[in-house]
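The whole structure should be built from the sequences, with the hints applied where relevant.
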Amino acid sequence: MAEKLFLEVVTPQKAIVSEEVEIVVAPGSEGEFGVLKGHTTFLTSLKIGTLRYKDTKGKERFLFINGGFAEVLPNKVTILAESAERRQNIDVERAKMAKDRAEKRLSEKREDTDIVRAEAALRRAVHRLKIK
Amino acid sequence: MATLKEVKSKIVSVKKTKQITSAMKMVATSRLRGAQNSMEAFKPYASKFADVLGSIAGKSGGDASPLLVPRDEVKKVALILCTSDRGLCGGFNTNLISKAEKLIKSEFDDKDVSLICFGKKGRDWAKKQPQPIEDEFIGVVGGTVEFSVASSSGQKMIDSFLEGAVDEVYLIYSKFVNMARQIPTIKQILPIPSLEDVAEEKEVEQDEGFLPEHICEPSSDALLGEMLPKNIFIQIYDALLQTSTSEHAARMSSMENATKACEDIVGELQTIYNKTRQAGITADLMDIVGGAEALKG
Chain A
0 MAEKLFLEVV TPQKAIVSEE VEIVVAPGSE GEFGVLKGHT TFLTSLKIGT
50 LRYKDTKGKE RFLFINGGFA EVLPNKVTIL AESAERRQNI DVERAKMAKD
100 RAEKRLSEKR EDTDIVRAEA ALRRAVHRLK IK
Chain B
0 MATLKEVKSK IVSVKKTKQI TSAMKMVATS RLRGAQNSME AFKPYASKFA
50 DVLGSIAGKS GGDASPLLVP RDEVKKVALI LCTSDRGLCG GFNTNLISKA
100 EKLIKSEFDD KDVSLICFGK KGRDWAKKQP QPIEDEFIGV VGGTVEFSVA
150 SSSGQKMIDS FLEGAVDEVY LIYSKFVNMA RQIPTIKQIL PIPSLEDVAE
200 EKEVEQDEGF LPEHICEPSS DALLGEMLPK NIFIQIYDAL LQTSTSEHAA
250 RMSSMENATK ACEDIVGELQ TIYNKTRQAG ITADLMDIVG GAEALKG
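Taken in sequence, the protein lines are chains A and B.
Numbering that gives the first Met the number 0 puts the last residue of the first sequence at 131; the count rises by one with no breaks.
Numbering that gives the first Met the number 0 puts the last residue of the second sequence at 296; the count rises by one with no breaks.
It should be emphasised that the hints constitute simulated quantities derived from the structure, not laboratory data.
Derived pair list, reagent style BS3-like, types lysine-lysine, alpha-carbon separation capped at 30 Å:
#, chain 1, residue 1, chain 2, residue 2
1, B, 104, B, 75
2, B, 229, A, 75
3, A, 53, B, 47
Since we're looking at a predicted model, the values are computed, not measured.
Have a look at this one:
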C-alpha cells in the first residue's frame, strides 16, 4: 500500500495538477465522491463542477472541472477533463458575461436556441463563479 | 549575352527571395517547436484516455453504442480533410489532396461524398469538386488548435451519423513521423472500427500487465457510451495537431531547400556577372590598344 495518494488532472492542453494529496473530492455524475488513499479501483464520469483536494501541507485547493472522467486507483486519482482551471486562473468577468448571455438565451426561449448548449454554458459559468 | 545591368538586378532579386525564404524557415522552426509542444502536452491525456477506454472496452459487449454498428449499405460518406491554410510548404497539401482524390475515385466513386475541410488549401480544392462542402474551418491548422473545435465538429459528425445523414466518416490528415517524414493518412472514425482495434491501437505500456478491475459508475456500458464520442474528438484533435506540426516541418524543410537553391543561383549569376564585366573590359582595352596602334601608324 502506498503511503500517499497521487492526484493527476490532465486536459488535452496540459497537465494541470500532478502532486501528492491527502484527499480528493470530485463531482461524479452520480454524486460527489471523496477519495482517500487505499480507495478501491473505481471509474466514473464527471459532471461540470468543482474538484477539491487537500495538498500534503493541508491546504485546500479548488479546481473548476468541465466534465470528464475519473479513474481511481488505491494510490492514484487521474482526472481526464476536457478543460480545467485552478481557482486563481478563473476569469470572473468572462464567467459573468457568459452567465448573462446564457441566461438571456434561455429566457428568450427562441425556437433556434440550443437549450442543451445554453444550459451547459450556464452551468459552467455558475460553477466558475461559485469557486471564486 | 545579358547585359551587366540585367544580371545585377537578377542577383538582387534572388537575394531578396533568399531573405524571405530564410526568414520563413526561421518562423516555421519556432512555430514547429510550439506545435510539437502542444503535441507533447496532449500525449498524457490521450494515452490515459486510451488506457481507461481499453480497460472498459474489454468488459463491455460489442453493441454498447450505436456508434459501433456498421451500416448494411454505405451510401453517404463524409471525408474530413485536414490541410494547411497557407502554401509554401512543398508538396504538403498536394499530397494530402491527392490522397483524398484517390480515395474518392477508387473507393467511393458510386457514393455520395461530402467534404469537411480544415484549412484553406483543402477548401479551395474542394470548391472545384463536384462534392459538396459540408463544413469548413479556416485558421485552425497551423495556429493554436483548440480542443473545442475538434469536439464541436466531432459532435456534428456524430449527430449526422446517428441521424443517418452519413454512413461512414473518414479522416484524412498528415501524420507527423519526424522532421523529414510526414505521411498523409486515412483513418476511419465512424462507425468506430471495433473495440478491440481501439484498445489494441492505443496499447500503452501497463504496469506489468496490471489491469485493475474497476467498479464503474454508471455502468460500464454507459461509461463506454460516453467515452466513445470523446474518443472521436480526441482523434480529430490529434489529427489537427499532427497536421499542424507536419505543416510547419514541411515548410521548414522546403524553405531550407529554397534558401539553398537561392544561394546556388546567386553563385551562378555572380559568375555570369563577372564574366560579362571582364568581357566588357577586355573589349574596351582592345579598342584602346587598337586606337593607339592606329595613331602610331
